[in-house]
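Enquirer: Take the given structure of chain A and dock chains B and C to it, following the hints.
Chains as they are written, first to last, in my numbering: chain A, 1 to 467; chain B, 468 to 835; chain C, 836 to 1214.
Certain hints may be false.
[Claimed, not checked] Within a straight-line C-alpha distance of at most 30 Å, the following computed DSSO-like cross-link-like pairs (lysine-lysine) qualify:
| id | chain 1 | residue 1 | chain 2 | residue 2 |
| --- | --- | --- | --- | --- |
| 1 | C | 1035 | A | 361 |
| 2 | A | 205 | C | 1003 |
| 3 | C | 939 | B | 780 |
| 4 | A | 122 | A | 286 |
| 5 | B | 591 | A | 193 |
| 6 | C | 990 | A | 361 |
| 7 | A | 205 | B | 780 |
| 8 | A | 331 | B | 591 |
| 9 | B | 678 | B | 635 |
| 10 | A | 432 | C | 990 |
| 11 | B | 666 | A | 331 |
| 12 | C | 939 | A | 424 |
| 13 | B | 766 | C | 1035 |
| 14 | A | 424 | C | 1003 |
| 15 | C | 939 | A | 193 |
| 16 | B | 766 | A | 331 |
| 17 | C | 1003 | A | 396 |
| 18 | B | 780 | A | 331 |
| 19 | A | 308 | C | 1014 |
| 20 | A | 361 | C | 919 |
| 21 | B | 678 | A | 193 |
| 22 | A | 308 | C | 957 |
| 23 | A | 361 | C | 876 |
| 24 | A | 331 | B | 688 |
| 25 | B | 780 | C | 1035 |
If you're looking for bench data, these hints aren't it; they were derived computationally from the structure.
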Amino acid sequence: MAHQDDIALMAHLMRRAGFGAGRDELEERVKKGYEATVEELLHPETQPEVDAYTLLRYQPASLLPGGQPPMGNVNWMYYLVNTQRPLEEKMALFWHHVFATGNSKVDNYDQLLEQINLFREKGMGNYRELLLDVAKNPTMIFWLDNQQNHGTAVNENWGRELLELFSLGAGNYTEKDVRECSRAFTGWTFETKIPRAPYGRFPWKFEYRPEDHDDGEKEFLGHKGRFNGEDIIDIVVQQPACGKFICRHLYNFFVADEPQVPAWPIEPPQDQKAIDTLVGAFRDAKFDMKPVLRTLFNSDFFKNARFKHMKSPAEVVVGTLRLVGGHELPKPGIGELSMQPTYMGQDLLNPPSVEGWHTGKEWINSGSLMARINFVAEKVGDTSLPGVQAIIGRLKQRGSLSPEQLVDGCLDQIGPVEVGADTKQELTSQAKEWGQISWDNGNAQIADQRVAQMLQLIAATREYQFG
Amino acid sequence: MPLTTVQEGRVYDWSHAVGRNAARGPGFNYVQSMCLGKNGFLYATNRGNENNFGMHVNKVQLGRGPGEEEHIADFFEYGEGDGKCTWPFGIAVDDNYDVYVSDDWTNTISVFDSAGNFLRKWGKPGSGDGELNRPAGLAVEKNGNIIVVDSGNNRLQVFKPDGTFVGKCGGTGSGDGQFNQPWGITLDKDGNIYVADWKNHRVQKLSPEGKFLMKFGQYGKVEEPEGSYAVTMFGPYVAAQSETAGYPKPGTLNHPTDVAVDPDGDIYVTDWGNHRVCVFDSEGRPICNLIGDAQVLSKWGQQTVDANPDMAKARRRVKSLEPQYRFCFPTAVEFDPATDSVIVADSQRNRLQIYKKVRDYSDFQANL
Amino acid sequence: MPETQTAQKDPVIVVLQLTGGNDYLNTVIPYNNPLYRDNRKAVGIPDNQIMHLDKDYGIPHYMAPLKQFWDDNKLAILHGVGWKESPRSHFRAMDIWHTCEPIKVGTEGWLGRVAREFDPKKENVVTTVSFGPSLPRSLAVPGVPVACVAGPLEKYGFLPTIQGEQRKQVLERFAAMYKPAIGTGPVMDYMADTGIDSLKGEDILKVAPQKYSSTVQYPNTPIARKLKGIAQTHLADLGSRIFYCDHSTFDTHAGQNPGHQNLWTAVTEGVDAFMKDLREHDHADNVILLMFSEFGRRVRDNGSGTDHGAGGVAFVLGEKVKGGHYGEMPSLKPEHLVQGDLNPNMDFRSVYSTILDKWLKLNPAPIVNGTFEQPAFLH
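Chain A extracted, bound-state conformation:
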């Protein structure tokens, strides 16, 4: 049997670089080794892709879901829950946080899914290429009004957010840079698309209109020239601020909660050395994300950051559904499941604004705390689900459990989760109320129930909200 700390570390890696893993998978991966697992995660092409055809057979409305939930959410949730390339999907979620684009304005989940697919395909590639693709992504163009950015009448929305939220961060450019940057992206638009009536939706297609582009000279971040959008991106990625900004995002998403993005110009990172290490990798790799991620996951600062990150609602829901299992074939009700992150304050494909979601402790308010605890508790308390049965099966092998063994066993199997002494004492007190539990002599059903209830109580702890 694998060493307990190896399991705990692997569980940490899989929670962060993916959406958690059951005990069988963790043990397999420990055998394979930590660094080998990191490599596998970094090479999604070695694992099969999600079978979209099966989704479309049962849920055809998830292909072109239009403007109303939940079919767009269903589509992504199916990928999130069933992917065998967890880091690929996690990176799509990461970029969705950074390039936050919302259905509230786009009114078109098809286009948002197409953008997510861009993140899926290019999210672990080169950041410069990704940024260029995002600049040409019609969904982004519409979201930030760049179709209204004309050579004769500049609209600065995209130009500003490109610098403030997508690459450099506030304070690293002037208002003049915003203006000049926006001028460089004039004429970047999309073709009129076939409207949704009467046959359903059609996608946009990027279009560059040279006649609407301001081809004059621009002065941007100390450079001078008749820049077009691509030139701007080349200048942007070379800025030292760019690496710092992206790497701080990576740190906040994968390692430990940082203050909210608007505070970054004021508050220094909690671990400057870690950011420096990541920035160095980013620069050396010429903006290729893979070496940065490799550095991150293999670093001590990552390995030592267990439970220093508040799970996002997406992580809560996807992690729970992957843990309890049974969603390989689409079922009715996947719509309601797909809206669970929304109920917890993270409406996937519809972030509150271009600034994305506030993370960390801001995921928690009285409503969202109740929603997340109740969702997880309902699932892990359902002894008919395969993942819960697997947990019970492992505990059952011991025949009977003392209160302490029940608590330790459940904490171990659902995580391993680390809880504070006070919490542990409460859990143990509850287990003591139940006394020794046993699967012998017709007590199996009660024993199953006790495990399920202990799992529920663990899911309700403060500690469990961290991942």
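Expert: Quick look at chains B and C alone, frame taken from chain A:
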């Protein structure tokens, strides 16, 4: 693609489209399968969505030509209990005009009269004789028995109209006579059985007794051609250079969903994942492909556009409407001998596209 | 929690959101206008199914319960509501209604701002109670608590799947696990406060169905169940000031006639039961109910339903409402339509402004982001 396809002595002439996106009433909502009744009636199962909206069977009088379609009735809508559905899938009509519909979530077959009144149902989940696991396509044999594509069990089962189990054939796998999540089914005039063997990317022909006779089709799909327009993330791709770029070579299939056979023995397969209908001869040799040619709006589609001036305006600004002509995940095909029509359920476009098989076609002078 | 005595007198607002875009023209029918018939060949309401409100307007028979409110002068009809550049997107339009930000993407909901005014120190965790699983953006302001009741009020709270004798014990454990502990850091402390607040909310709200008894029978529909929950909470005098619920989907692109009928039957029967219930308990005087939808629908039908439009209708009803028409229905003449839609002639923020100023006694400008004309539909 030209409106008229001429290949190996066959002529297929695009006639018209019927439908529009509608959760009920005149239009369709993700057709999973369809069948022809008597007197020009067509029944389609609509899948709807997770708002429990849009799932139903609709009955449409097709008429003989463009603009003659009429919406007759909706039934088998979402709900619990008799006459209600969760996931409607396969559909077939027997000689008494009774309509059989499978529900691949509740694992039942429901029977309605031709007006949509519930008569009876049968079926329970499982893998034993008479038990069902995600039933898909349905067909009625000459003797009135019902063949059910028991998709999750990778077999066909035969039932009497009252639901009594009669027999079964098939099994899981990719060998002859085995299936992998089959979808649609049809019978030819001699009672031979054709099954769209979905995950095996082929069609199998079985004798009326269920013996393997023939298979055709092999997996094939193309990646998105450079510079093309992807109508969805999974195609079809409309390429600037050639109208058939983005479609794989003849004889290959990508998740075929349904089969139809015409009185001449020609076989039509909805090549779902490749967004086309492949025509094969009776030996399974590929003849030609239809890729969708809906250049003219359907009657109901025109109504929608007329009611929405902004949609009408946008349509006039579009560089090319070609993506709208094309099939997008066609799920079902029927051949109507009465009108010599190939009727294709263009699922993601919520319409039917109808082609005429023209038998008396005389060519024109080339120097027109 | 504020004193019960004052709580009873405090004005309360109930919002019922008609999600999906309610068809204005089939809700308040200009039955004498020939253009109505011309445009509504497939989905027009036949003359014999219209209940006349006056010589110009009627409501479909399936909204019959509203007729009594109209006759009693307690129903205000707000015509042509919307705003100038109304988008035809459900989300965007709803967001604008919720945040009062028609230009940029807003992040603060108008009712969230109201709640913050009412209870700046967050002393009452049930100042705002929303019935539905997700938090509508109109209630969302960071740091402003909202009790979201996803299911039946009786089941509101943590770990609802644990019931019976185990429940009390498990919730005591929960409370103990969330008690602030020294040295665990600000985030854990914050979570402790939040958990305890939620438990408090559960304890408070749990009382409502227990205290409740009524002779009023609510219909068995989702909206009636939500309204009953609101009545139970309001009648329990818990100091709740803002209630929110919604009914959907009014997105009647197809098969509109039966669909619209089912929707409005459920809504009007539910509202009728709700108001009866409040009156029976002498708790109706301090409540008004606002019904709105994100937009109206296209003037011309599509042969089976109607597609997304612009100008719509809102209703305010209650004991203190001054019944009647406010504003006027925008012209149906083709030359006055905008992209085939009624051109909104009453800004939705006008409706809010009256409610804020005359009912909730708050300065509307900072809440709705500007100063708007106030139709005088409140006494």
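Enquirer: Confirm or reject each hint.
Expert: Evaluated hints:
1. C/1035 / A/361: holds, 20 Å
2. A/205 / C/1003: violated, 58 Å
3. C/939 / B/780: holds, 26 Å
4. A/122 / A/286: Given that 30 Å is the threshold and the Cα spacing comes to 15 Å, the pair holds.
5. B/591 / A/193: Roughly 46 Å separates the two Cα atoms, so the pair is violated.
6. C/990 / A/361: Measuring from Cα to Cα gives roughly 27 Å; hence the hint holds.
7. A/205 / B/780: holds, 18 Å
8. A/331 / B/591: holds, 17 Å
9. B/678 / B/635: The given pair, whose Cα atoms are some 11 Å apart, holds under the 30 Å limit.
10. A/432 / C/990: Given that 30 Å is the threshold and the Cα spacing comes to 27 Å, the pair holds.
11. B/666 / A/331: holds, 19 Å
12. C/939 / A/424: violated, 48 Å
13. B/766 / C/1035: Outside the cut-off at roughly 60 Å; violated.
14. A/424 / C/1003: holds, 19 Å
15. C/939 / A/193: Answer holds: residue 939 of chain C to residue 193 of chain A is near 24 Å, not above 30 Å.
16. B/766 / A/331: violated, 35 Å
17. C/1003 / A/396: Judged against 30 Å, a Cα distance of about 27 Å means the pair holds.
18. B/780 / A/331: violated, 40 Å
19. A/308 / C/1014: With a Cα-Cα distance of about 20 Å, the restraint between residue 308 of chain A and residue 1014 of chain C holds, given a limit of 30 Å.
20. A/361 / C/919: Distance of about 39 Å is beyond 30 Å: violated.
21. B/678 / A/193: violated, 50 Å
22. A/308 / C/957: Holds. Residue 308 of chain A to residue 957 of chain C sits at ~28 Å (cutoff 30 Å).
23. A/361 / C/876: Violated, at about 55 Å.
24. A/331 / B/688: OK: residue 331 of chain A and residue 688 of chain B at ~27 Å, within 30 Å.
25. B/780 / C/1035: violated, 56 Å
Violated hints for the displayed structure, listed by number in ascending order: 2, 5, 12, 13, 16, 18, 20, 21, 23, 25.
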